[in-house]
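Undergrad: Kindly produce the complete structure, drawing on both the sequences and the hints.
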Amino acid sequence: MRKLLTAGIAAALIVPASLSFAGGPEDVVNARLGYYRLLGLEMDGLAAMAKGEAEYSAEAAQGHAANIQTLTQYNPGGLFAPGTSNADLPGKTRALPAIWENFPKVGEKGAAFRAAVAELNAVAGNGLDALRPAVGKLGGTCKACHDDFRATDY
Amino acid sequence: MAGEQNTATGAKAPVAARSVALWDPVVRLFHWALVLAFFAVWFLGKFGPDQMTLHFYAGYAVGGLVLLRLIWGIIGPAPARFTSFVRGPKAVMAYARHLPARRPSNTLGHNAVGALFVVGILAVLVVQVTTGLIGDPEDYVNTGPLADYVAIETSRTALSLHELLGNLAMIMVIVHIAAIGFYRRWKGEDLVTPMITGKKQIPAETD
Numbered sequence: 001m002r003k004l005l006t007a008g009i010a011a012a013l014i015v016p017a018s019l020s021f022a023g024g025p026e027d028v029v030n031a032r033l034g035y036y037r038l039l040g041l042e043m044d045g046l047a048a049m050a051k052g053e054a055e056y057s058a059e060a061a062q063g064h065a066a067n068i069q070t071l072t073q074y075n076p077g078g079l080f081a082p083g084t085s086n087a088d089l090p091g092k093t094r095a096l097p098a099i100w101e102n103f104p105k106v107g108e109k110g111a112a113f114r115a116a117v118a119e120l121n122a123v124a125g126n127g128l129d130a131l132r133p134a135v136g137k138l139g140g141t142c143k144a145c146h147d148d149f150r151a152t153d154y
Numbered sequence: 155m156a157g158e159q160n161t162a163t164g165a166k167a168p169v170a171a172r173s174v175a176l177w178d179p180v181v182r183l184f185h186w187a188l189v190l191a192f193f194a195v196w197f198l199g200k201f202g203p204d205q206m207t208l209h210f211y212a213g214y215a216v217g218g219l220v221l222l223r224l225i226w227g228i229i230g231p232a233p234a235r236f237t238s239f240v241r242g243p244k245a246v247m248a249y250a251r252h253l254p255a256r257r258p259s260n261t262l263g264h265n266a267v268g269a270l271f272v273v274g275i276l277a278v279l280v281v282q283v284t285t286g287l288i289g290d291p292e293d294y295v296n297t298g299p300l301a302d303y304v305a306i307e308t309s310r311t312a313l314s315l316h317e318l319l320g321n322l323a324m325i326m327v328i329v330h331i332a333a334i335g336f337y338r339r340w341k342g343e344d345l346v347t348p349m350i351t352g353k354k355q356i357p358a359e360t361d
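Residue numbers (our numbering), protein chains in the order written: chain H, 1 to 154; chain R, 155 to 361.
Keep in mind that the hints are not guaranteed to be accurate.
[To be verified] DEER-style ranges, computed between Cβ atoms:
{"hint": "1", "chain 1": "R", "residue 1": "A333", "chain 2": "H", "residue 2": "D153", "range": "31 to 37 Å"}
{"hint": "2", "chain 1": "R", "residue 1": "V329", "chain 2": "H", "residue 2": "R114", "range": "16 to 22 Å"}
{"hint": "3", "chain 1": "H", "residue 1": "G78", "chain 2": "R", "residue 2": "P299", "range": "34 to 40 Å"}
{"hint": "4", "chain 1": "H", "residue 1": "R114", "chain 2": "R", "residue 2": "A332", "range": "22 to 28 Å"}
{"hint": "5", "chain 1": "H", "residue 1": "K51", "chain 2": "R", "residue 2": "P357", "range": "28 to 34 Å"}
{"hint": "6", "chain 1": "H", "residue 1": "A87", "chain 2": "R", "residue 2": "W186", "range": "32 to 38 Å"}
[Unchecked claim] Cut-off 25 Å, straight-line C-alpha distance, at most; resulting in silico cross-link-like pairs (SDA-like, lysine to any residue):
{"hint": "7", "chain 1": "H", "residue 1": "K143", "chain 2": "R", "residue 2": "T284"}
{"hint": "8", "chain 1": "H", "residue 1": "K143", "chain 2": "H", "residue 2": "G63"}
{"hint": "9", "chain 1": "H", "residue 1": "K137", "chain 2": "H", "residue 2": "P25"}
{"hint": "10", "chain 1": "H", "residue 1": "K105", "chain 2": "R", "residue 2": "Q205"}
{"hint": "11", "chain 1": "H", "residue 1": "K105", "chain 2": "H", "residue 2": "N75"}
{"hint": "12", "chain 1": "H", "residue 1": "K143", "chain 2": "R", "residue 2": "K244"}
{"hint": "13", "chain 1": "R", "residue 1": "K200", "chain 2": "H", "residue 2": "G63"}
{"hint": "14", "chain 1": "R", "residue 1": "K200", "chain 2": "H", "residue 2": "N86"}
{"hint": "15", "chain 1": "H", "residue 1": "K109", "chain 2": "H", "residue 2": "G77"}
{"hint": "16", "chain 1": "H", "residue 1": "K137", "chain 2": "H", "residue 2": "F149"}
{"hint": "17", "chain 1": "H", "residue 1": "K51", "chain 2": "R", "residue 2": "K244"}
{"hint": "18", "chain 1": "R", "residue 1": "K200", "chain 2": "H", "residue 2": "G136"}
{"hint": "19", "chain 1": "H", "residue 1": "K105", "chain 2": "H", "residue 2": "A151"}
{"hint": "20", "chain 1": "R", "residue 1": "K244", "chain 2": "R", "residue 2": "Q205"}
Keep in mind that the hints were calculated from the coordinates and are not lab data. Note that the structure is a prediction, hence the values are computed from the model and not measured. Beta carbons are placed, not taken as given, at the ideal position from N, Cα and C, and that holds for glycine.
TA: What follows is the structure, given as structure tokens:
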């Protein structure tokens with residue numbers, strides 16, 4: 001009985017410790033990178049079509065656009081937990097401290113991104129000529145945020 | 155022309171002048187086309203649209219012009235040729251010592267110090283065009299056309315360098331323009347007209 005109790009207490013102590021570790025800054029960074037990689041994978045498919053590296057398919061384009069739209073439904077607030085900038089974790093992330101110093105501006109960039117995603121979804125299936133400018137515009141909103149809030153290198 | 159300058163600036167120089175052919179049409183066309191392409195590419199890069207198509211086109215123009223100048227520096231006429239104007243440190247120091255003197259240098263071509271700028275800006279632009287071609291900002295639309303041929307880490311490093319060298323190139327251009335102004339105001343030597351007409355006014359007794 002006592003043994004069981006000891007094991008229970010030990011487990012109770014260990015589990016929260018490992019839980020708090022799982023939610024540490026590096027995990028937030030990894031999750032954030034993962035989120036943008038998901039976006040990137042869909043953008044890659046769209047950009048390949050826009051650049052003529054892959055053949056245009058209305059279905060595939062609409063699929064990528066829909067996936068990006070789905071990702072915009074995700075509230076990324078948790079991905080921007082404090083203490084996860086490239087000043088806090090050099091070499092692990094390129095997220096500049098400026099993000100946490102100017103959240104409203106980050107929000108504006110996000111709004112522009114979501115607007116471009118909505119536009120893309122409206123036209124992605126309407127042929128390559130309709131897709132191309134919408135993808136360009138969406139990529140432009142990526143750049144606009146990177147310029148201010150992401151370092152060019154680790 | 156030389157006479158006007160002397161009265162305007164007070165620098166002393168012989169009044170009698172003769173006109174000699176200096177810059178060939180390729181050098182002149184290269185120079186002024188590069189001026190346009192450089193300012194276009196720089197401002198488009200810094201302040202242009204987020205879809206950087208025009209920055210890319212201007213960058214290709216810079217690349218083509220630099221390539222042309224490098225070839226012309228080998229096969230072109232003497233004043234354009236690297237072997238005729240790139241000098242050793244001794245010649246550079248010797249010229250630099252005379253730089254503050256308030257009289258025209260009357261150099262027919264790039265002087266030893268100016269040659270440093272010519273080689274320097276061409277080198278910076280070669281690296282700038284290369285890093286632009288292989289750079290990848292990971293936004294899927296402004297990807298350098300050759301980025302696929304290098305690792306993503308290389309593309310990122312290239313882009314960092316691209317930003318840094320962009321600033322350096324602009325500083326060099328400002329120093330270049332300031333130097334032209336210095337020659338005009340302080341030394342009483344017009345370096346702009348020869349780059350337009352190809353002809354330079356030098357004192358009659360100079361060989």
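Undergrad: Let me make sure I understand: some of the numbered hints might not hold for this structure. Which ones are they, in numerical order?
TA: 2, 4, 5, 6, 9, 12, 13, 17 and 20
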